[in-house]
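Colleague: Sequence:
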Amino acid sequence: MFDFTLERTLGSARAGSLTLPHGTVRTPAFMPVGTHGVVRGLSAADVRRTGAQIILGNTYHLHIRPGEDVVQAMGGLHRFTTWDRPMLTDSGGFQVFSLEGLRRIEEDGVTFQSHVDGTTRMLTPERAMEIQRALGADVAMAFDHVVPGQAPYDLAREGMERTLRWLERCRRRHAQGDGAQTVWPIVQGGTYDDLRLRSLEGTLERGPWTGIAIGGLSVGEPKPVMHRVLELLEPGLPREVPRYLMGVGFPADLLEGIARGVDLFDCVAATRNGRHGTAWLPGGRLNVRGAALKGSTEPLDPECDCETCTTYPRGYLRHLFVVEDILGLRLVSIHNVRFLVRLGEQARERVLDGTFDGWRQAWVRRHRGNS
RNA sequence: GGUGGGGUGACCGAGUGGCUAAUGGUAGCAGACUGUAAAUCUGCCGGGCUAACGCCCUACGUAGGUUCGAAUCCUACCCCCACCA
Numbered sequence: 017m018f019d020f021t022l023e024r025t026l027g028s029a030r031a032g033s034l035t036l037p038h039g040t041v042r043t044p045a046f047m048p049v050g051t052h053g054v055v056r057g058l059s060a061a062d063v064r065r066t067g068a069q070i071i072l073g074n075t076y077h078l079h080i081r082p083g084e085d086v087v088q089a090m091g092g093l094h095r096f097t098t099w100d101r102p103m104l105t106d107s108g109g110f111q112v113f114s115l116e117g118l119r120r121i122e123e124d125g126v127t128f129q130s131h132v133d134g135t136t137r138m139l140t141p142e143r144a145m146e147i148q149r150a151l152g153a154d155v156a157m158a159f160d161h162v163v164p165g166q167a168p169y170d171l172a173r174e175g176m177e178r179t180l181r182w183l184e185r186c187r188r189r190h191a192q193g194d195g196a197q198t199v200w201p202i203v204q205g206g207t208y209d210d211l212r213l214r215s216l217e218g219t220l221e222r223g224p225w226t227g228i229a230i231g232g233l234s235v236g237e238p239k240p241v242m243h244r245v246l247e248l249l250e251p252g253l254p255r256e257v258p259r260y261l262m263g264v265g266f267p268a269d270l271l272e273g274i275a276r277g278v279d280l281f282d283c284v285a286a287t288r289n290g291r292h293g294t295a296w297l298p299g300g301r302l303n304v305r306g307a308a309l310k311g312s313t314e315p316l317d318p319e320c321d322c323e324t325c326t327t328y329p330r331g332y333l334r335h336l337f338v339v340e341d342i343l344g345l346r347l348v349s350i351h352n353v354r355f356l357v358r359l360g361e362q363a364r365e366r367v368l369d370g371t372f373d374g375w376r377q378a379w380v381r382r383h384r385g386n387s
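Take the first sequence: its letter number 133 is residue 149 in the numbering used here, and every next letter is one higher.
Just so you know, these hints were derived from the structure itself, not from any lab. Every residue gets a Cβ at the ideal spot worked out from N, C-alpha and C, and that includes glycine. A couple of the hints might just be wrong.
Stated by the list, open to error - DEER-style ranges, computed between Cβ atoms:
hint, residue 1, residue 2, range
1, P37, S130, 27 to 33 Å
2, S130, L368, 28 to 34 Å
3, P298, E116, 33 to 39 Å
4, P224, L368, 25 to 31 Å
5, R255, G331, 46 to 52 Å
6, P298, D170, 39 to 45 Å
7, P298, D124, 34 to 40 Å
8, L248, V284, 22 to 28 Å
9, L368, D100, 46 to 52 Å
10, P254, D341, 45 to 51 Å
11, P329, P224, 50 to 56 Å
12, D170, G311, 52 to 58 Å
13, Q377, G91, 45 to 51 Å
Whenever a hint applies, use it, and build me the whole structure from the sequences.
Modeller: Now the structure itself:
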């Protein structure tokens, strides 16, 4: 039910096949984020057409609305969303970081003040696992304590050690389940090498795992630091399970991550930028609202095969943003998601045929700007 | 023809002697966004010079006037709206 087959390695880069209850995921792969059970603005059919093989949902958000009991009663997250391919739910650990000011962290768990209605909600490692079990995604994530990229050593250590203690609790609660779902641990440790290595060691001690995630990156730290942490961890990561770099990233980040041994990525930037009118192109990002696109009959990205690029001229997409029609948000989101999914597909081909590294370097060089 | 009201920057619209290159809003332009509190947020928005502080020019219908100083007061004219002839 949970299997990962490594098809080829090229330096640290890998190509593999991850089999989950709802299907197989060819890696490397980008996973669109569907926090509320929807990849914002896109229908399940839209997402399927981007070639996405697996999408995310979020424990915290779905617990608040509509409630995991409602989702479960409707047949689980797959039936609820009509997305019948693999799914992964994030544990709510990231909200410990992003909802700073609305939450209080204690050893037992985290008390959130709902950003929706202000009600108090408690998330513990056990609760996070129970909620995810009710949601019923293929993969559940361990409940972790994420700290900012600039976090001082003591805070990073506290978050890392707590994440390990919580991991033990997640593992135990998960062991009481029926085995229909797997759980992946998350390596923390901020930007500190010794903490990262201790986190990895402690995580592996509590294994074995069917996958392993690296969290707490792209949360404000400089890019070279993220690369250094990935390079530090890579040799110690088990070869036989997929590695998931959480919350990353921009197009170039995918390639840099793949080069450093990462198999799976997720990021809200594709859809958020899409809604905000920024499109990713091979040469860098483009402001779709920009006056330069007025009247343009060119496709958004002539090299892209997505619905948006094969159908609509730039001048029309700009118009949609100018008149604030929701179609514009959807079309650029579709393109950005397809852009990342396709980047994963291309990277996979290049790993399989042995030309990944040169291709990646040329790609990143061409893709100017820090997008 | 008479009476009353009104003409402010691309548009709408404040302002009724100095703190006003002129509140707000819209439109326009640029930027940000990385396990989604985000269809959001930020900046610019008369012209010229400057890396910047800043300096100069033009500007509140038109032309004069009063005043140390006017978008704001006075005079004439032009135009718009309403009502009455």
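Colleague: Hints broken by the structure, by number, lowest first?
Modeller: Hint check: 2, 7, 9 fail, others pass.
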